[in-house]
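Engineer: For reference, the chains in residue letters:
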Amino acid sequence: MEVTAILGFVTDDAFAGRAVDPVDVPWGDARKHRQALRTAGGRDVVVRLPRGSFLADGAVLVEDGATVVVVRRPAEDAIVLPFADNTGADAVRRALLLGYLLGNQHAPLEVSATELRTPLLTGPGTARKLLEDLHLHGRVDTVALAAHGWTNTSADHHGQSATHGHHHAP
Amino acid sequence: MTGAIRIGIGGPVGSGKTRLLERLLPMFATAGIDTAVITNDLMTEEDAERVRRSGLIDPARVMAVETGACPHTAIREDPSANLAAIDVLERRFAGLEVVLIESGGDNLAATFTSDLVDYWVFVIDTAAGDDIPRKKGLGLLQADLLVVNKIDLAPLVGADLDLMRRDVAVARPGKPTIFTDLRSGVGLDEAFDRIVRDALTLGVLT
Ligand SMILES: Nc1nc2c(ncn2[C@@H]2O[C@H](COP(=O)(O)OP(=O)(O)OP(=O)(O)O)[C@@H](O)[C@H]2O)c(=O)[nH]1
Ligand SMILES: [Mg+2]
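Protein chains in written order, with full-length UniProt numbering: chain A, 1 to 170; chain B, 1 to 206.
Think of the hints as simulated: they come from the structure by calculation, not from any bench.
In this text the structure is predicted, and so the values were computed from the model without any measurement.
Glycine is no exception: its CB is placed at the ideal position from the N, C-alpha and C atoms.
Be aware that a few hints might be false.
Stated by the list, open to error - Only pairs whose alpha carbons sit at most 30 Å apart, straight line, appear in this in silico DSS-like list of lysine-lysine:
hint, chain 1, residue 1, chain 2, residue 2
1, B, 135, B, 175
2, A, 129, B, 135
3, B, 136, A, 129
4, B, 175, B, 136
Unchecked claim - Sample of chain B residues lacking proximity to chain A, with all beta carbon distances greater than 10 Å (derived):
hint, residue
5, 23
6, 34
7, 42
8, 67
9, 76
10, 87
11, 91
12, 138
13, 141
14, 152
15, 153
16, 165
17, 189
18, 193
Could you build the full structure based on these sequences and the hints that come with them?
Structural biologist: Next comes the structure, spelled out in structure tokens:
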């Protein structure tokens, strides 16, 4: 099966009642517009999307009447920093220092209204020590990353984010 | 997709990126695939000059990009110089089907942005140490194809190829790896077939 367009999202009304055949796409492959994938159900899917496409969690790649093939982001090693656990002026200072360090690692960042997620690019011990040294309350965990895109990567600076839940008054 | 298919070749200094290009060029030519090359170097046109002189391809089809500092910047953070080179090649050669883009030698974490390439290969070599696959750089983890080159040197430097095979299988579940000796050509046919299938046709007969 060849995928030349993303058909929609699994939550769209059009796909109600369909069986779902998930296909795991880790964060590192989410921006690859040409790749061969195998679904959990054993279907081979060939992705040939336009450059700049993003394989978001829930994106429908194939529909055959009965079943939809849907992108699923697997849980991967990450640093997670919930903002509610790090409040006050000094936490802002320390979080900025963390952001600077992550930027120097070229780490992509997923910043929602409630937390930061970023892939673990060091060993887990080093990451925990980093959080500890900065007195930040975060954790090393396995979570889905960039389910709907990155807020920032070292290569994109559009600041576009589907998970950005915060709006500024004009 | 409009324009030529763009294939990135990255990996550490001296692993065999230019040699892979030089080996692939005659195979693309034999297959009738219209090809051009872009090489990235820090501050010279060394690799481009080498490919131009090789006689393997029309020298007008080889362009150099000088990256200045960190080579990964030109293939990930800001690929504009490479995109401009692709643009020149596509204008110059109307039927262009494939552009091979060699990154400057970099570290194990170097990855290509999908804004620049459609498919990318990461080349490491056994002489740099059989522990490289366990070091899990992003380049090695995320490349569409990993080439472990210079297997002819493995016995000379005490590199354990079986260990490397096991380690890459763990590091790259579901992603292909090919072991090559690009000096004699071992593994080259497999690498070419894989690249043509996955980058050009993706298993679809065209
Ligand atoms: N023995 C052996 N030597 C090889 C092999 N592949 C490449 N070489 C040699 O390794 C050296 C480096 O190869 P290149 O192709 O220039 O490496 P590169 O990755 O392009 O290097 P940079 O662009 O400088 O990062 C050259 O002398 C090649 O002839 C191989 O499979 N076996
Ligand atoms: Mg080279």
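Engineer: Now look at each hint and say whether the structure bears it out.
Structural biologist: Now the hints, each set against the structure:
With a C-alpha separation of about 17 Å, the suggested pairing of residue 135 of chain B with residue 175 of chain B holds against the 30 Å cut-off. A threshold of 30 Å between alpha carbons decides the hint, and for residue 129 of chain A with residue 135 of chain B the separation of about 20 Å falls inside it, so the pair holds. As the CA atoms of residue 136 of chain B and residue 129 of chain A are separated by approximately 20 Å, the hinted pair is consistent with the 30 Å bound. A threshold of 30 Å between alpha carbons decides the hint, and for residue 175 of chain B with residue 136 of chain B the separation of about 14 Å falls inside it, so the pair holds.
Its beta-carbon lying about 23 Å from the closest one in chain A, residue 23 of chain B satisfies the requirement of being farther than 10 Å from that chain. For residue 34 of chain B, the non-interface assignment is confirmed: its Cβ lies about 19 Å from the closest Cβ of chain A, beyond the 10 Å cut-off. The non-interface label for residue 42 of chain B is consistent with chain A: the shortest C-beta to C-beta separation is roughly 19 Å, beyond 10 Å. Non-interface status of residue 67 of chain B relative to chain A is upheld: no Cβ of that chain comes within 10 Å, the nearest being about 15 Å off.
For residue 76 of chain B, the non-interface assignment is contradicted: its Cβ lies about 5 Å from the closest Cβ of chain A, within the 10 Å cut-off. Separation of residue 87 of chain B from chain A is adequate, the least Cβ-Cβ distance of about 14 Å exceeding the 10 Å criterion. No Cβ of chain A comes within 10 Å of the Cβ of residue 91 of chain B; the nearest lies about 18 Å off, and the non-interface call holds. Distance to chain A contradicts residue 138 of chain B as a non-interface residue, since its nearest Cβ pair spans about 7 Å, not more than 10 Å.
A Cβ of chain A approaches the Cβ of residue 141 of chain B within 10 Å, the least distance being about 7 Å, so the stated non-interface status is violated. Every CB of chain A is more than 10 Å from the CB of residue 152 of chain B (nearest about 31 Å), matching its label as outside the interface. For residue 153 of chain B, the non-interface assignment is confirmed: its Cβ lies about 29 Å from the closest Cβ of chain A, beyond the 10 Å cut-off. Remark: the non-interface label on residue 165 of chain B is consistent with the geometry, its nearest Cβ contact in chain A lying 22 Å away (cut-off 10 Å).
Even its closest Cβ contact with chain A, about 20 Å, leaves residue 189 of chain B beyond 10 Å, as expected for a residue assigned away from the interface. No beta-carbon of chain A comes within 10 Å of the beta-carbon of residue 193 of chain B; the shortest separation is about 14 Å.
Comparing the model with each earlier hint shows violations of hints 9, 12 and 13; every other hint is respected.
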